[in-house]
Amino acid sequence: MTAAQPWALAALALAIPIVVAYLHRRRRITKRVPSVLILRAIAGQSKPTRRAWSKPRHLVSLAMVLLALVGLSAALADLRDEDDTPRDFVLVLDTSASMGAGSPSRLSEAVDELADALTGLRPGDRVALVTTGAQTLVRVGLTEDRERVLALAREATASGTGVGSAGALRVADAICRGANRGAIVLFSDGVGVDIPTTQCPVEHVAVGRAGPNAGITALSVREADALGLAEIYTVVTSELGRAQELQLTLKVDDDIVDVLSIDVPARGDVEKLQRVPLPPGERVTAQIDHVDDDQLAADDSATVVRHGGARVSVLLVAETRLSFAAEALRLHPRVDLRVVGPHDALGNDEFDLVVLETDYLAGPLPPAPKLVAFAVPPSRLGVAARAQVETPEVIRWSFDHPLFRFVDLQGLELPRALALVPATDQTSLVDSDQGSLAVTSTWEGRELVYVGFLPHESDLVLRVGFVNFVANLVEWAAPSAPASSAGAENVLSKTETHIDPPSGLERTVKSTFADGPLARSPLWTLLLVAALGALVLEWLLPAFVAAVVQLRGLWARRRRRGEPA
Amino acid sequence: MKIDRQALGRFAALRLRAPGGATSLQQGDRRSPFRGRGLEFADYREYDPGDDLRLVDWNVYFRLGTALVRQFNEERSLSIRLCIDTSASMGFGEPRKADHAAQLAATIAMIALSHRDPVVLTCYGGDNKGLRARAVNLDGLPELLHLLERVEPGGHGDAHAQLVAQLGQGRSDRLVLLSDLLCEEAERDSLLRLCAASCPRPIVLHVLGSDELAPDLDGVERVVDSETGEELLVREGRDATKAYQAALEAWLASVETRCRALGIQYVRVDVGNTVKSVVEGALHRGQIVEHATGGAQ
Numbered sequence: 034m035t036a037a038q039p040w041a042l043a044a045l046a047l048a049i050p051i052v053v054a055y056l057h058r059r060r061r062i063t064k065r066v067p068s069v070l071i072l073r074a075i076a077g078q079s080k081p082t083r084r085a086w087s088k089p090r091h092l093v094s095l096a097m098v099l100l101a102l103v104g105l106s107a108a109l110a111d112l113r114d115e116d117d118t119p120r121d122f123v124l125v126l127d128t129s130a131s132m133g134a135g136s137p138s139r140l141s142e143a144v145d146e147l148a149d150a151l152t153g154l155r156p157g158d159r160v161a162l163v164t165t166g167a168q169t170l171v172r173v174g175l176t177e178d179r180e181r182v183l184a185l186a187r188e189a190t191a192s193g194t195g196v197g198s199a200g201a202l203r204v205a206d207a208i209c210r211g212a213n214r215g216a217i218v219l220f221s222d223g224v225g226v227d228i229p230t231t232q233c234p235v236e237h238v239a240v241g242r243a244g245p246n247a248g249i250t251a252l253s254v255r256e257a258d259a260l261g262l263a264e265i266y267t268v269v270t271s272e273l274g275r276a277q278e279l280q281l282t283l284k285v286d287d288d289i290v291d292v293l294s295i296d297v298p299a300r301g302d303v304e305k306l307q308r309v310p311l312p313p314g315e316r317v318t319a320q321i322d323h324v325d326d327d328q329l330a331a332d333d334s335a336t337v338v339r340h341g342g343a344r345v346s347v348l349l350v351a352e353t354r355l356s357f358a359a360e361a362l363r364l365h366p367r368v369d370l371r372v373v374g375p376h377d378a379l380g381n382d383e384f385d386l387v388v389l390e391t392d393y394l395a396g397p398l399p400p401a402p403k404l405v406a407f408a409v410p411p412s413r414l415g416v417a418a419r420a421q422v423e424t425p426e427v428i429r430w431s432f433d434h435p436l437f438r439f440v441d442l443q444g445l446e447l448p449r450a451l452a453l454v455p456a457t458d459q460t461s462l463v464d465s466d467q468g469s470l471a472v473t474s475t476w477e478g479r480e481l482v483y484v485g486f487l488p489h490e491s492d493l494v495l496r497v498g499f500v501n502f503v504a505n506l507v508e509w510a511a512p513s514a515p516a517s518s519a520g521a522e523n524v525l526s527k528t529e530t531h532i533d534p535p536s537g538l539e540r541t542v543k544s545t546f547a548d549g550p551l552a553r554s555p556l557w558t559l560l561l562v563a564a565l566g567a568l569v570l571e572w573l574l575p576a577f578v579a580a581v582v583q584l585r586g587l588w589a590r591r592r593r594r595g596e597p598a
Numbered sequence: 386m387k388i389d390r391q392a393l394g395r396f397a398a399l400r401l402r403a404p405g406g407a408t409s410l411q412q413g414d415r416r417s418p419f420r421g422r423g424l425e426f427a428d429y430r431e432y433d434p435g436d437d438l439r440l441v442d443w444n445v446y447f448r449l450g451t452a453l454v455r456q457f458n459e460e461r462s463l464s465i466r467l468c469i470d471t472s473a474s475m476g477f478g479e480p481r482k483a484d485h486a487a488q489l490a491a492t493i494a495m496i497a498l499s500h501r502d503p504v505v506l507t508c509y510g511g512d513n514k515g516l517r518a519r520a521v522n523l524d525g526l527p528e529l530l531h532l533l534e535r536v537e538p539g540g541h542g543d544a545h546a547q548l549v550a551q552l553g554q555g556r557s558d559r560l561v562l563l564s565d566l567l568c569e570e571a572e573r574d575s576l577l578r579l580c581a582a583s584c585p586r587p588i589v590l591h592v593l594g595s596d597e598l599a600p601d602l603d604g605v606e607r608v609v610d611s612e613t614g615e616e617l618l619v620r621e622g623r624d625a626t627k628a629y630q631a632a633l634e635a636w637l638a639s640v641e642t643r644c645r646a647l648g649i650q651y652v653r654v655d656v657g658n659t660v661k662s663v664v665e666g667a668l669h670r671g672q673i674v675e676h677a678t679g680g681a682q
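Top to bottom, those sequences are chains A and B. The C-terminal position of the first sequence is numbered 598 in the working numbering, with every residue numbered one higher than the one before it. The C-terminal position of the second sequence is numbered 682 in the working numbering, with every residue numbered one higher than the one before it.
Just chain B, with the same shape it has in the complex (with noise of 0.2 Å):
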């Protein structure tokens, strides 16, 4: 896949948002529900054997005769996962699906990275199986760039089973799908169970090119999957455009439908659009991401 890092720098005064608190074992600058070291006081219990003696509030001790170890709230880091449909039916769109996903799982990868949020990368759906970066900066960026170029879409696995052997390993913040969706029903409805599951406030990033938005099928008597190998015969004419556009309303009603239900949050995504102005559009709207500074964009 094709990414353009020389628009990577461009995101650097962003940062995601992260609503429900950090819980990376990392320690960062985001508030987390943890209580323990750190520069923020936070509440008095009582002191139990074993606890530093340095913690001890000795004013309070002296005062009411009672020991009371102070607590503090502590700062962890926002664990982000990436993941990347590089299934067959990625490869299509003008520019590619797969190269639009990149672009943005590069973006977002970024923004977490220089505010040393952790970032993990899963490709799935395709032929490669086990691609999988990880990073803690900065430093970590190029390596999640390099599995990006290096994977081409392709391919027909099973995204669940994937996906599964993935998240295993770990929990996240956030998850972040990037995938056009064209599978099965019951195929999508699994892996948005299995994204819903796995994160407590996941995104899905829906992909889609002019292939499914407006085929130009003038001329076309046939069309094969491209993962399926499935083969169809198609009609021509206004009364089938105008079937498909219904089709089509319909399809992505239903995707939307249910990742509201799942508890995820559905972002659609067209690849005639820019990166940057999918990022400080609809992102931006979708709080997913803000300005490092409070400021407006």
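Same shape as in the complex, but just chain A (with noise of 0.2 Å):
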């Protein structure tokens, strides 16, 4: 037999003033009374047979009382077989955003019941520890260092979704498979949880309470024109429970941009469509306010970056300064526009965007990963031209090109194009009756758009097209936003917005790992009830009827003292 906590037994102790109490208790004594003129009423000894009854009643009940004691002291001490060898536990601590609701929050409250668990382990069991969020991580393996496990667990903060749970549970199955009778114990609200097939048991942990929360769910930006009008798109979710009035903030960077009052139902989603000038600024910010009895917060704002808000420099080669195109791009809010001649001679400069009027004869292009050429010598480019031709018809285009969304080609005037042959590589975004009119394809390592006409000789410039088709080139040729940004993204999913705990979750058991020792011990749980009920029949029924009769004795006392004298 060994014993987790052998200090319990010294309750053992405790035995011996029951003992003695019990004997005390039944030693009568003589009293002195002031007189026995009353007491003559009640002379005589008390039946033997309810004398010899009582002597072994008490006999049980001391022994009753001192098997329970016996049984508590083991339970306490936690008497096992040696050959109960010692269990592995891999921990899954969920640290998803809605592990972030309430007050406490739910992290913590799980974080607590994984130190009480802790401290009733055995000596030799071993502990691993896999979280799951915005990441899964296995933090510590197989281990008996309790305290090192315990930090890990408080260093673990709330955020990302729970959809990374079945992941980390794979995980957690493929290091249990190898453990000692191992058990996977999941400490989870199960909020988004899902529970794959393992092969070691998985124990659930519930923590948190059902409660009322609203929260942004989906939030995106994209750019309306090029002139800085965006269209902003934001999903309220709302588990409140009742109607309310909230109150829905936009910011870009640190800026509010504009404050929106939207009413939200007690249950369901809110869409919002706002178009907004927006000033240039690479994050955008959603909150709302305003939110009685808000469980979680982490869902109270969403954050996107805006793609495409960063600035372009264009180099554009032309005969002309006036030209269409140079006009265009010149009104663009984003674009750091340089004109040149065919034969101005360039630094060192680097560009996004290189669009050319016309060849530019005075040395290599400068380095730029976007190309547009208008009608320039095919062959320099790499494209081929068939021949030139006159007046072409155009009867296609790629409108699903974002080169040529809001474009409308239909009805053209043409008087005059260079008929392309795309090879193999290379795809026409323009078809005329009579060839393709513009191809995309990489040149020297950049992207290619080659088209075969001017546009001012076209009455595409004296259309609304031309002005998207040129903002349409700008957006293309914007820089990808850093790589930086892309942590910056923070929308939680609908799932960790709906806070309010399953009522089980399939494909676990409930867990015996937070009860400790003493629940494991079902035989122990039966002494200690036997010991209470014991005490409750021996001592405490007994006082209680003595108590009712002291009352009464009391009460008529006092009514006697009501009568007059």
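Bear in mind the hints are in silico, worked out from the structure with no lab data behind them. Incorrect hints may have been included.
[As the list claims (entries may be wrong)] Below, in silico cross-link-like pairs of lysine-lysine (DSSO-like), each with a Cα-Cα straight-line distance of 27 Å or less: (1) 284/A with 527/A; (2) 387/B with 64/A; (3) 527/A with 305/A; (4) 627/B with 64/A; (5) 661/B with 387/B; (6) 284/A with 305/A.
Please assemble the complex out of the two chains, which come individually in their own frames, going by the hints.
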């Protein structure tokens, strides 16, 4: 036999005062009284039959209490067989955003449960810690260093979604499979948690209670035009339990650009599409305020990175500085335009986009990832042209291509153009009845869009589609968002906003890990109940009867005193 | 016995009632059945030789030719006799019955002496014999208190004989017996008859404690009488408790009935109640004390 808490066996010393109390209780005494005058009414000895019965009755009672005391001491000491080998537990701590709900948070509650459970482990038991939230991480492998496990658990913060829980449980299952009598213990509120099929049993320690919440579950920003107008799409999900009016604040970086008032239902979603002119900035933030009884703060604000908001440096090679393309690019608010002639020298400047209205003859083209050429000699750019054709009629264009968004080429008046022959690695963007008029390709590592006609020789420059085409060119050439901004996006999913814990998780069992060694020993529990029952029957019940008798006597005396003398 | 002297002052507004008039030899402010000198005119009677000529009503003599002497109601004091049982049985209870009885006696004495009613205090029933003190006004109160504080309950004397010796030294208007009356029926009956014969309006203050009203006999197999040393095996359990309560009720009823039959005013006093509540409650209701100014308490 081994004992996890041998000091608890000291509780057996309580047997001494119990035995003394029993023996003392049964010893009858001689008492000096003022007078035996009235006591003669109860003179005589108690019936022998009753005394004969009372003695063994109290001996049985004493034996029951002593037995219960032994059981309780054994339970506290956690006595068990020596062949009861230690166990391994893989603890999976849910750190998704919903675990931040409540005050104190569900995560704190889970860590407290975990701490209590760790104190109840037996010597030799090992634990590993896996956290799942924004990332799934194996914090520590199987170890007996419980302080370290607890310290790592306390470091965890609630963020991200619970969709990674399945992966985390698979990782935990992989660790558990090589363990001794292992088990997976999931500390989670169950929100958004998916339990995969595992070999090791998954014990669920449920934390958190249902509560009201409202949060932003969708946020996206799209540039509506080239002049800074943007469309901001927001979805607010409500689980508040009653309809409320909320305030939605829109910010670019830290500057407030608009404040909206929205009515949210008791339960459901509210979609909002707002067209607002946005100043330059990288991040768009939406935030809801004036929410009563909001349990989760993490979903009250959402942030997205504003793509395409960066400035674009453009080099235009043209015969004249007053071309339509030059004017359209100059009017674009995010374009840093430089216009040069075909023979103007360039330094070592780099550009995001080079537009050729005429061939650049002063040297090699400057570095630029994007290149657009209008009717320059095609052979120089690796494009094959069949011939120059007269009045071609546009019969198809790739209206779903980013360059042709909001660009209508129907009925384009075009006196002349080069009929192009797309190679196998080239894609025709505009087709006419006489051949392709525009292709997309790559040339010297650059993305190339070759157009076989000059815009100002057509009526395209008179159409609104030309301005859109130039704006599309700018968006196409805009440098992509920096990698550092990828982590800046923060929009919680709808599953995290529904913070009410589910009634139960499938493929899990009720945890005995967090109940401590006492609960894992049903025999000791029965002995504990037996101890309480014996105490109640033997001690408390007669005391209660005696108290009732005393009260009756007191009441009788008061009634006597109330009578006139 | 213990006396709380500080508590005595709160009863200065009370005085003892004298329903039958005062018969003490000491002049006082209470009406008496005697005619003689006084302030209140009562009657005329014919002159007898030897009468004080100053009492002859000369107007009547000149008008009727008959010498008549004026008579007045005499005002006397109420003589009080307090008899305290100091036997061993009075040493029980919480507080002790003896202490409670002593405090009651001191209170009654203070009430009487503050109205110049003479008080005689007698202790009987214990080992001490002839313990007696007398006071005619408040100047004598310390002597009474000193006697009460000096005596401790104990022993078992011949109560009847001791009282006969004490009561034979004069008659009183009111006799107050403070005792638990825990003695055999014959002894108790002779004691009560003696009280009834010694005074026109005797009072028995029956002092009882928890040892009589609700004795704790849990685990008690044998009891010993504190005065006689008699030992008795007793039963325990609910039946025994019921039987004791029935016997107690019967004993109390018999004592009260006997007192009424002898013309003794019977007042039961529980040591669980304070002296103040007893005086302002049972003694006031029993018309033993009254407010000195006649107002309600």
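Hints, verified against the model:
At roughly 22 Å between alpha-carbon atoms, residue 284/A and residue 527/A fall within 27 Å of each other, so this suggested pair holds. A C-alpha spacing of about 25 Å is found between residue 387/B and residue 64/A, which places the hinted pair at or below 27 Å, so the restraint holds. Annotation: proposed proximity of residue 527/A to residue 305/A holds, straight-line Cα distance about 16 Å (limit 27 Å). Among the hinted pairs, residue 627/B with residue 64/A is consistent with the structure: their alpha-carbon atoms are about 20 Å apart, no more than 27 Å.
Between residue 661/B and residue 387/B, the direct Cα distance comes to roughly 16 Å. Compliance with the 27 Å bound is thereby established for this hinted pair. With a C-alpha separation of about 15 Å, the suggested pair residue 284/A and residue 305/A falls inside the 27 Å cut-off, and the hint holds.
The structure fails none of the hints (numbered hints given earlier).
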